[in-house]
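Asks: So the sequences go chain by chain: X and V.
Take the first sequence: its letters are residues 5 to 210, numbered as in the working numbering.
Take the second sequence: its letters are residues 63 to 530, numbered as in the working numbering.
I should point out that these hints are in silico values taken from the structure, not numbers from a laboratory.
The structure displayed is predicted, hence computed values, not measured ones.
Using N, Cα and C, we set each Cβ at its ideal position, and we do this for glycine too.
Some clues are possibly wrong.
Over the 12 Å line for every Cβ pair with chain V, so calculated as not near, a few chain X residues [stated by the list, open to error]: (1) 14; (2) 19; (3) 75; (4) 135.
For each label pair, taking beta carbons as the anchor points, the in silico distance ranges come out as [stated by the list, open to error]: (5) 67/X x 448/V: 51 to 57 Å; (6) 148/X x 394/V: 46 to 52 Å; (7) 374/V x 148/X: 28 to 34 Å; (8) 164/X x 271/V: 57 to 63 Å; (9) 108/V x 194/X: 15 to 21 Å; (10) 67/X x 482/V: 22 to 28 Å; (11) 182/X x 111/V: 18 to 24 Å; (12) 22/X x 271/V: 39 to 45 Å; (13) 501/V x 147/X: 29 to 35 Å; (14) 205/X x 303/V: 18 to 24 Å; (15) 42/X x 233/V: 49 to 55 Å.
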Amino acid sequence: MSLAQITQVKALALAVPGDDIDTDRIIPARFLRCVTFDGLGEHAFRDERTGPDGKERAHPMNSAQAGKIAAAKKGVMVVGFNFGCGSSREHAPQSLWRFGFTAFVGGSFAEIFFGNSTTLGVPCLTLSKEDLAECDAFVRANPEVEVTVDVAQLTVSAGAKTWKADITASARDGLTKGKWDPIADLLEGADSVAKTAGGLAYVAGK
Amino acid sequence: MAKTLFQKVWEAHTVRKLPNGQTQLFIGTHLIHEVTSPQAFGMLRDLGLKVKYPQRTFATVDHIVPTNELKEPYSDPIAQEMIEALRKNTKDYGIRFFDTHTGTQGIVHMVGPEQGITQPGTTIACGDSHTATHGAFGAIAFGIGTTQVRDVLATQTLALSPLKVRRIEVNGKLAPGVYAKDVILHIIRVLGVNGGIGFAYEYAGSTFDAFSLEERMTVCNMSIEGGARCGYVNPDQKTFDYIKGKPFAPKAADWDAAVARWQSFASDPGCAYDEVVKFEASEIRPTVTWGITPGQAIFIDEKMPALETLNAADRQTAEDAYKHMKLAPNTPIKGTKVDVCFLGSCTNGRISDLREVAKYLKGRKVSASVKAIVVPGSQLTAIQAVHEGLDKIYIEAGFEWRGAGCSMCLAMNPDKLVGDQLCASSSNRNFKGRQGSQTGRTILMSPLMVAAAAITGQITDAREVFKV
Ligand code: SF4
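Construct the entire structure; sequences and hints are all you get.
Replies: As structure tokens, then:
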């Protein structure tokens, strides 16, 4: 399986502030009632974007900036700490990715969300608290400036600013080498898998 | 060298090192349900791959099943489509399905233990974040995304990086009316909702030694709410006794060898932990959440935090929480009016939970202003409860007695809050909108506290209501 090498994402950015934004907020459970991920993009942050009265609320995802990202099918979402906590539902990164987001920059990410995103080829880079605040402020003040998320150099930059960023070594390696979906590697190990399985009594029902 | 259970299980299941530095880890047991598996089977078909070890994947249906209608087709056509997709996928690939007509269907995290599929020293994965529940048996169990479900189906392995291990010791005896649920809510309150990122939690100490397997499951279940991807308790005699005789338990001829093997996985005395945190059981009181994350919790007799006492980051979330919950800082939570009471979920929908509440419910009545439902987590639990006559106690008290499933824990089926109803819930998540209404409000607590709320119509101290 040949995959694109993702070393850099350069795109318009949208700040979605707040810590502990959970997957129920990113994609409410009722949209999990499906057998494919198609069409999930339009429901990203649905209940934050639309009030109980059905009217649009003030939310970054309703902004003109978000509209541009959706049209371009590429964009950087700047988030807070512990983003994507809660359930393991891959529907969460799938919905944001299908909406148009191709990279995340934040203070920290919940582990399952992080794994689900990188497996889609969507990098999640972390910044220090201070840098994140600066990046967030910059993005809001300069919506027209593209942000560069550099997975190879481990930086996030915009305009004249550059911030030092981080991502786990394995995710970085996977993204930059075009091996972010592990299935090819996992299939290759078939013989070793059989050996490991053979050493486990319970696998044989014992 | 002395090792932790986590290290031993990890080593026994390591296939090889992957080029990116991660470990290819063998997943001995794979559990699937209707919500996170259909897309994975779709990916499998797109790639032209087969299921590698169909006998090591087990399926059930839990999230979308209605709990008040047994006949198919369900009135919800999407639910029908999802259950049928799982029937087709399990049939096409030869996977065992604990379907609704078998009497064994239930929440995936209850079916594994009930069937004896969940065993010590094993690796378990499921496309569901509460998979850590199975850690109560000394398994390394974690939630995975749908693409990883595909990986396990196709290869029975995952690409993973090892976790650090934090030992969480709780020692001493819990006071009457204080439960395993209070223990885990308290741990999360202290260590934070992201305190466990990068860690596996090893729960230990005399409190855990004294806990039943069901109580251990309640704690391990909510590891993810504390940010930890998995949590476990070392296996002991109680663990083995629980498994013995279950349908998928090792047979008599293999039993002694299995127990010896299981014992060998327990953390060695003197092994090194990345961190150790200690709690005293006697300091824990009945705990309830007041906000929109499970870490926003207080003892029932405390006031909700004043904003000034919080640091800047917590304060922002707290402001948001108070607005959503329509609660006021620096006031008691006791006395808050409740509309709905939900007793169930993979955290607290087991037979011991139903028994404990029933003990106190006899002769009491649910407040006229409250809708109270009790949803056994599995069909086997429901059958057992009916056998013991527990259903009658609940019905007489004014609870609706339902069929097995996830129900109002996440409201993917017809059980939902309406408008800004406030729900006293024995489940595990109080996120905004979690129980099916965007403005709905959830307060997490132990099953007995839910019952106390049902009877009084308000958030209250079960110890006073039931003279515990
Ligand atoms: S009961 Fe709730 S937490 Fe448990 S598996 Fe079902 S939806 Fe998830």
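Asks: Each hint needs a verdict: does it hold in this structure or not?
Replies: Do the hints match the structure? See the list:
Annotated as non-interface, residue 14/X keeps its C-beta farther than 12 Å from every C-beta of chain V; the closest such distance is 24 Å. Annotated as non-interface, residue 19/X keeps its C-beta farther than 12 Å from every C-beta of chain V; the closest such distance is 14 Å. For residue 75/X, the requirement that its beta carbon stay farther than 12 Å from each beta carbon of chain V is met, with the minimum near 26 Å. Every C-beta of chain V lies more than 12 Å from that of residue 135/X, the closest at about 15 Å, which supports listing it as non-interface.
A beta carbon spacing of about 54 Å between residue 67/X and residue 448/V agrees with the range 51 to 57 Å that was offered as a hint. One distance hint, 46 to 52 Å for the beta-carbon pair residue 148/X and residue 394/V, holds here, with the actual separation near 50 Å. Evaluation of the 28 to 34 Å hint for residue 374/V and residue 148/X yields a pass: the beta carbon distance comes to about 30 Å. Distance hint for residue 164/X and residue 271/V: a CB-CB separation of about 60 Å, consistent with the stated range 57 to 63 Å.
In this structure the hint that residue 108/V and residue 194/X lie 15 to 21 Å apart at CB holds, the actual value being about 20 Å. Remark: the range hint 22 to 28 Å for residue 67/X to residue 482/V is upheld by a beta-carbon distance near 27 Å. Roughly 20 Å separates the CB atoms of residue 182/X and residue 111/V, a value that falls within the hinted 18 to 24 Å. Evaluation of the 39 to 45 Å hint for residue 22/X and residue 271/V yields a pass: the beta carbon distance comes to about 40 Å.
At about 30 Å, the beta-carbon gap between residue 501/V and residue 147/X stays in the expected band of 29 to 35 Å. Between residue 205/X and residue 303/V the CB atoms are about 20 Å apart, so this pair conforms to the stated range of 18 to 24 Å. In this structure the supplied range 49 to 55 Å holds for residue 42/X paired with residue 233/V, their Cβ-Cβ distance being about 52 Å.
When held up to the earlier numbered hints, the structure conflicts with none and fits them all.
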